[in-house]
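Trainee: Residue numbers (the numbering used here), protein chains in the order written: chain A, 1 to 114; chain B, 1001 to 1284.
Everything hinted at is true.
To give an idea of the chain B side of the interface with chain A (calculated C-beta under 10 Å), a few residues:
1. SER1175
2. MET1182
3. VAL1244
Quick list of in silico lysine-lysine cross-link-like pairs, DSS-like style, CA-CA up to 30 Å:
4. LYS67/A <-> LYS48/A
5. LYS83/A <-> LYS22/A
6. LYS22/A <-> LYS58/A
7. LYS48/A <-> LYS1166/B
8. LYS83/A <-> LYS58/A
9. LYS83/A <-> LYS1166/B
10. LYS1222/B <-> LYS1004/B
11. LYS22/A <-> LYS67/A
12. LYS48/A <-> LYS1091/B
It should be emphasised that the hints constitute simulated quantities derived from the structure, not laboratory data.
Model, not experiment: these values are computed from the prediction.
For each residue, glycine too, the CB sits at the ideal point set by N, CA and C.
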Amino acid sequence: MFSGIALDLFEVTFETLDVDGKRVPVDRFSLLGYAEPERAPRNVRTLKTRNEVWVLAKRMCTQLGPKASLYARLRDATRRGWKTLEDGSIDFCAARTWPGKELVPVRREPGGDS
Amino acid sequence: MTWKAVASWAWGATGSTRAVSLMRIALVATVWTRWADDLVLFRHVADGRMAFAAIFYVVTACAFFGFLSRVSMTATAACTLYLVYYLGHIKGVEAYTHHHATLLAWSCVWLACTPCGGSYSIDRWLAIRRAERAGKPYPEEHGYLWGARLLALQTSSIYFWTAINKCNLGFLSGSRLAHYGMYYYTGSSPLDSPVHAVILHGVAWSTVLLEFALAFGLFFAKPRRYLVVAGLLLHGVFYTLLSVYTFTVTMWILYLACFDAEEVHSAIDRLQGIPSRRVPASAN
Chain A
1 MFSGIALDLF
11 EVTFETLDVD
21 GKRVPVDRFS
31 LLGYAEPERA
41 PRNVRTLKTR
51 NEVWVLAKRM
61 CTQLGPKASL
71 YARLRDATRR
81 GWKTLEDGSI
91 DFCAARTWPG
101 KELVPVRREP
111 GGDS
Chain B
1001 MTWKAVASWA
1011 WGATGSTRAV
1021 SLMRIALVAT
1031 VWTRWADDLV
1041 LFRHVADGRM
1051 AFAAIFYVVT
1061 ACAFFGFLSR
1071 VSMTATAACT
1081 LYLVYYLGHI
1091 KGVEAYTHHH
1101 ATLLAWSCVW
1111 LACTPCGGSY
1121 SIDRWLAIRR
1131 AERAGKPYPE
1141 EHGYLWGARL
1151 LALQTSSIYF
1161 WTAINKCNLG
1171 FLSGSRLAHY
1181 GMYYYTGSSP
1191 LDSPVHAVIL
1201 HGVAWSTVLL
1211 EFALAFGLFF
1221 AKPRRYLVVA
1231 GLLLHGVFYT
1241 LLSVYTFTVT
1251 MWILYLACFD
1261 AEEVHSAIDR
1271 LQGIPSRRVP
1281 ASAN
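Using the sequences and the hints given, assemble the complete structure.
Mentor: Written as structure tokens, this is what we have:
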């Protein structure tokens, strides 16, 4: 019982490059202007699909600027623990698609994030 | 412990009906909490289930008040099985197939196998009135309790199998607890600090150990008094932190079946300031 709960959940951290080319963590909430993370829209706070990660990463790239890089470490919740999906090797700002992954286009609801 | 003693515990069990009668009242109230609002008649004008809904209210009300208790509790159990297996599994009302609903339905089934109207019921009131008119002593609050043993076994097996289900690296590493915490509270940001790791490991292992202890220890008087307190807290925490609906209160009610029926009877006498003549089986 309860073993089927929370399996549609991703753990995600983002990194970018500083002026010296070193990786530094990026807080997605402060970057996108959410002062209180607990009040951020669900698709920023709790990511459940690759599409949501992709859309969020592209929004963050826009905020970071035209020549910025953004890398994601992504893990999927499974019954056996965490399963690594991305190890931070892909620059999401440079990628036009998620390499090796098919993404279903996300339809954005007008006037809201969640 | 011999097979004869086990058989005597299971099939030959007799004792006070107070515990199972309290369970009758509490379980039927829980059944109403889970389903009564869904079955309000106006919701079923179009789907042809208005008659079932009306029967549900009649039989559960009779069971709650203890009128024709064995029949009304059996009918209540039949209604809950219909809700879980026909409407839930066959007709696709997914919420009715959840573990808390299934547990509630089967608890009603096993309770229907007990003399659950022997105390705190209209049936008892009528029996007392008949005895008074006939000038006879009041009937004993006493009956066969093999159905209560099934309730205790169900309670134990829930703990045993849920503990077995958690014996894997995903749970014992604390990862599954992190999933629950993130899913309900913190979102996709990692809970990966050393403090989180210690807490998640500790909670994961202590949950599994407690569930194994509850699976076996509830059958023995000495560990039971401590385990019940720990179990009540465990389910209270589940209810407060997660989304378990009626599961917590159903498990709390089921603990009554794990106690010696005479012990429950004596405790109620003491609460009412009556010196009890009942002797718990464990004292024999």
